Every structure is written in structure tokens, then in C-alpha cells.
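Work out the full structure, taking the sequences as your base and the hints as a guide.
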Amino acid sequence: MEQNFNFGLENGERQKLEEITKKKISNIVFNSFEDDWSKDTSVFDDKIKGKSDLLFLIEDDQKNKFGGVYYGTIDKSGQWLKNDTSFIFSIVRNGELNPKILC
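One gets the working numbering by counting positions in the sequence shown from 1 and adding 515 to each.
Certain hints may be false.
Simulated crosslink set (DSS-like; lysine-lysine; CA at most 30 Å straight-line) [said to hold, decoys possible]: (1) Lys538 to Lys580; (2) Lys554 to Lys597; (3) Lys597 to Lys562.
To be clear, the hints were calculated from the coordinates, so they are not data collected in a lab.
Values in this document were obtained by computation on a predicted structure and should not be read as measured data.
In C-alpha cells form, the structure reads like this:
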């Protein structure tokens, strides 16, 4: 279900993320600009539960973009999930496209 926009990514960012994840970015599961992110009423858990192979992208107020990739299915909430293939990354730092897998 491909959406008609670039997922908030600028030129080259989507391509680099797809290269480092070895997956195609196909849809947005949760968007903090549109979905409820409030402390007691957030729909985040409901939106990601049962989903697999997720990329979490964060943009800070200085336009840095970073996040994490979780390979596997989200089958629990309220606790840490980890596996040997998941990782965190930086894609844009100080306005420059500079993708790095951090761990």
C-alpha cells in the first residue's frame, strides 16, 4: 500500500534507509503529527502491535534524523524487545545526509 508522498524524507534519505535496512518503506504505521501521542491516551501501542519489520524514524528540532529498526513481530507492549538483527541508526546529522548504523 504505497502512499503518494516521501514519508517526510528528503532527497536520498529514503533510498539510503532502504539500502541499510534491505527493505522497502511501504507505509506509515504511526505518525506523531496525526496520531494521538499523549501520555495517557497514546495509540502508539495499538498501532504497532502485531506489526513486523518496523523502522522508527525521529526528527528532532534541529532537523537531525535518527531511529531504529526492529526485525520481528511486535507481540508485547510495555517492555523492551530486542533481537540480534535489530539496530539503531543516524541518517541526517547537522543537516547532512550521513547514514550510519550505530549498533
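Results for each hint:
1. Lys538 to Lys580: Satisfied, since the Cα-Cα distance of roughly 18 Å is no more than 30 Å.
2. Lys554 to Lys597: Distance ~23 Å between Lys554 and Lys597 Cα, so the pair holds.
3. Lys597 to Lys562: Given that 30 Å is the threshold and the Cα spacing comes to 19 Å, the pair holds.
The earlier numbered hints are all upheld by this structure, with none contradicted.
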